[in-house]
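Number of protein chains: 2
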Amino acid sequence: MNAVPPPLRWWGWGDRDTPIPSGLAVLLQDEMGIPLGVHVAPAAREAVTLPPSRLADDALIAQLSAICGAEAVGLDGQSRLVHAAGRSYLDLLRLRSGDIGVAPDGVIWPSSEQQIAAVLRACAAADCAVVPFGGGTSVVGGVTPSRGSHRAVISLDLRRLDRWLAVHPVSRVAVLQAGMTGTQAEAALTHHGLTLGHFPQSCEYATIGGFAATRSAGQASSGYGRFDDLVLGLRMVSPAGEIVVAAHPASAAGPSIRELVLGSEGRLGVITEVTVKVRPWPQQESYEAWSFAHFTEGIHALRAMTQGGVAPDVARLSDHQETRVGMAMASRGGAAETLGRRYLRARGHQEGCLLIAGWDSDALLGGARQAEARAIIRRHRGIALGASPGQSWLRQRFHGPYLRDALLDAGVLVETVETATSWANLARLHDAVASALDEALRDGHTPLVGCHVSHVYPSGASLYFTVLARSGNDPRARWLRAKEAACNAILDNDGTITHHHAVGTDHLPYLEREIGIGGVAALRAVAAQLDPTGIMNPGKLIPDAPAAVASGRRPSRPRAQPGLPGASAARGRPRR
Amino acid sequence: MNAVPPPLRWWGWGDRDTPIPSGLAVLLQDEMGIPLGVHVAPAAREAVTLPPSRLADDALIAQLSAICGAEAVGLDGQSRLVHAAGRSYLDLLRLRSGDIGVAPDGVIWPSSEQQIAAVLRACAAADCAVVPFGGGTSVVGGVTPSRGSHRAVISLDLRRLDRWLAVHPVSRVAVLQAGMTGTQAEAALTHHGLTLGHFPQSCEYATIGGFAATRSAGQASSGYGRFDDLVLGLRMVSPAGEIVVAAHPASAAGPSIRELVLGSEGRLGVITEVTVKVRPWPQQESYEAWSFAHFTEGIHALRAMTQGGVAPDVARLSDHQETRVGMAMASRGGAAETLGRRYLRARGHQEGCLLIAGWDSDALLGGARQAEARAIIRRHRGIALGASPGQSWLRQRFHGPYLRDALLDAGVLVETVETATSWANLARLHDAVASALDEALRDGHTPLVGCHVSHVYPSGASLYFTVLARSGNDPRARWLRAKEAACNAILDNDGTITHHHAVGTDHLPYLEREIGIGGVAALRAVAAQLDPTGIMNPGKLIPDAPAAVASGRRPSRPRAQPGLPGASAARGRPRR
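Same order as they appear, the protein sequences are chains A and B.
Per my numbering, the first sequence runs over residues 1 to 576.
Per my numbering, the second sequence runs over residues 1001 to 1576.
Only chain A is shown next, with the shape it has when bound in the complex (with noise of 0.2 Å):
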């Protein structure tokens, strides 16, 4: 990682283009028709179209330049260009068909906790939405400007705030401002021998603080946490005032105000301030790569470790799809591979499901968690693949958002989808979401539907799924449609609408049946109470009254608990 990487490219990521290795695009025409060498680009920069910002010629304007100083203070075609949109599928798709339709009236970057607590008291008196922007990651249409009810919308992007306050080695916490990058918080804590440990896809671009609003979930969790369980204190200005969390080890006094912050997606305020639990850098890293037969024997194994304690610290077990794809896309076609390839046939592995498992966090016990670790990936029949595959994906491992400008560009539609749920039920949920996928996508031609597991906890794990298919002649309503079935197929199997991408648009109109009528409502009235006027990140979240469900549905109770196959009966019913 750079320490400070490029800035996205307006229509895509990073800076630069990769191109789809060949053993994909062969796969891409085999199976789906995709033909090799299309190259749709994207518009051209002249020929974007914004809609005219509402704030030209404004007093707001003059008052935020006051608090922030004019060169703060953004209504030019660029600046609103690269906040009009985060970088989900129908975000790409939106921006490179040159049409942008909806951008900010302006953009602001306060560099203070007091510039940003003015802005938002000029902004609600002005009636003008605000929408915080962090690295404008969002791929749940989390930063998308919305401005609601309200007269405009400006984005509020926190980049200025990108310092660290305070390291303190001895209780293992560090400081940080909402608006360093994961990347520049990683080379801050590095001169201090120190890890945060947080490393999403993302986390080149995205922010402390918006990791901190979307209980982002690193590639690392197994072995450091999502990043809500590595968050100890926060502040936050909302427009009626701050919130100030302190960094206790824990407490019992009420209700945590934390969780109320964290996962808050800008609709209660803008995050200014985390603090962080921190890690010696480890001592040594190791990854390698094991081969099960069969998904559910490498469930298996990864429940077994995680709830012996010996889990991994990056885990990350891909279904047959997915692992087909995988090897694709590594495929060289040398005579090391093939010889590879015909030993796991001979042992029954010709569609092989690959586990990546890496250990970098533990400098006392690590060997022997890993030594158990083996013991038990061996005894649930995995094959061991030596280092070199997990070193191959510890270096690719932030590549796929850039991969996917270059499907883009090949017609073909990608996309991701996540969730979580019991490890009785992570088969089903798996096959359920997975299915829903295929019927939606399946046209003539077969979608590829991969999924891996890559965050495990003692009750259960995550499961994300990755799309390839072919766009068709609707990209969007196409993907909307798969979406949606792929959403019901979750919430109707007792998975989590969403692991670690948030709510944001996208998973708005299933919220109500995530946390239920009283956890919405609940929601609303702290909402109310923080942001008396409603200017904070409108139609985000917080589905407004009455909410609106998707597909007609009527929103069911959600469940006390997932239905988990092989449970005992209860001994009595309770008397109800």
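Be aware that a few hints might be false.
Listed next, with one range per pair, are the computed distances between beta-carbon atoms [as the list claims (entries may be wrong)]:
(1) B:Pro1006 / A:Thr296: 43 to 53 Å
(2) A:Gly148 / B:Asp1544: 31 to 41 Å
(3) B:Arg1379 / A:Gln283: 17 to 27 Å
(4) B:Ala1375 / A:Arg379: 44 to 54 Å
(5) B:Arg1442 / A:Gln283: 47 to 57 Å
Worth flagging that the hints you see were computed from the coordinates, not collected in a lab.
No experiment lies behind these values; they were computed from the predicted model shown.
For each residue, glycine too, the CB sits at the ideal point set by N, CA and C.
Guided by the hints, dock chain B onto chain A, whose structure is given.
Chain B alone, transformed into the frame defined by chain A:
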């Protein structure tokens, strides 16, 4: 533990007298002038006076009887008496005096969630406050029956919701009704070879719902986690409807509704059902004791073990004073004991600090973990005292509240105070709180203020103080002064106002200093949404607007993180 312990006697704990160990009695006499053999008995049951019930002949009683059955409604003196108080020192003083002062106007024992919902509707319509009542073991006034601004108040006893509903061994999850006691839950889980591993001193009487509502922490929390860590899902009935939190292993679907219900102390509704993580019953248990010359050496050892991932499941480090009291209590004056003391004295531990380390939860790496932990303890000059003090602690682990009755009989003031802070701040906070208690209770004699660290986290730990002092002429006023001094010392020195005792009435005046004006306002908004007429447990947890502040101080803004000595200075201050 018995599966079903006998009911709490109305004026104290358990059902039996527990004598004061002779060594402790001598210490109390020698150092505090508390005479041996005094016995101040509680008032006779016949002499107890209760205020008249405001619900005698009230229409609400007929409604409640129609909902739950006539046998489930109690207006009699005994029912009202045993729901009149929790089990703090001040509660015990009030009960023992026989002048009860405050009691519920009635008691109801519903047996289902539906009945609870109907009871809340009836009470809201009749302007009657409702105090959810589990084991009645609150030590912060959490179950004191206050009617607030309402016409009357009833206690809603959850003891009839005492069933387990499901056990899922694969996902290691159990669904328990809120009225089960800790002991009942363990008895049910033992049938499946499982344990919750939650053993607070109150667990013979305290309930699953109470653990959740107060963020309880058990003696094995270092290994098993606090109760809030164990909760995956729950159900709560509020006057405005129900809250249902599905038991996903993790989710990014917005702010955590689970963490809003945890710690809600009956102010938002009645918790009826909790889905918890469980574990296999440990294959082996091992308890051992160590001595450190200095408290700070013990703290450093605990920190190294915790941050290295090898903390014992039970870790309990006593300071000099608590060690001395503990030795007095265990004193039998035999030759072996004398020899042991001589050995410690020769090694410079004449005033040693005792560490109890218990290992019971980790089948896979238990041995390796224990070996690493021992090496760390020895590096911090810990001296092994063998297994017997640990076994002795294990036998006595639920003993404290029983002994307390005997101490009150002897005219001793006995109470506890708890907090938590970062590792770097732990010794400073310890000294500040111990000094505050000592100064407030000094009266020509010196109180015994002991403390132990009992809950450890990567970033910090808890402190648990036990105070023994002369009760004086006005024990209540005397303790209120000491408690206020301790709370101010905690907040002035970056501790949390409560690590696991919750807020109740006793910490309510300090909540705004802990979570800020914004945090309190957010909680008030949620309460107003879920309980529009404010009947739920009035006067607890959330201060009425405007906030009452203890001791005439103005609330100061909480700080974003504790002031941590030894921190690196920020490289660049933010541009504020």
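Each hint tested on the structure:
At roughly 49 Å, the beta-carbon separation of Pro1006 (chain B) and Thr296 (chain A) lies within the given 43 to 53 Å, and the hint holds. In this structure the supplied range 31 to 41 Å holds for Gly148 (chain A) paired with Asp1544 (chain B), their Cβ-Cβ distance being about 33 Å. At about 18 Å, the beta-carbon gap between Arg1379 (chain B) and Gln283 (chain A) stays in the expected band of 17 to 27 Å. At roughly 30 Å, the beta-carbon separation of Ala1375 (chain B) and Arg379 (chain A) lies outside the given 44 to 54 Å, and the hint is violated.
Distance hint check: the CB atoms of Arg1442 (chain B) and Gln283 (chain A) are about 50 Å apart, consistent with the given range 47 to 57 Å.
Comparing the model with each earlier hint shows a violation of hint 4 alone; every other hint is respected.
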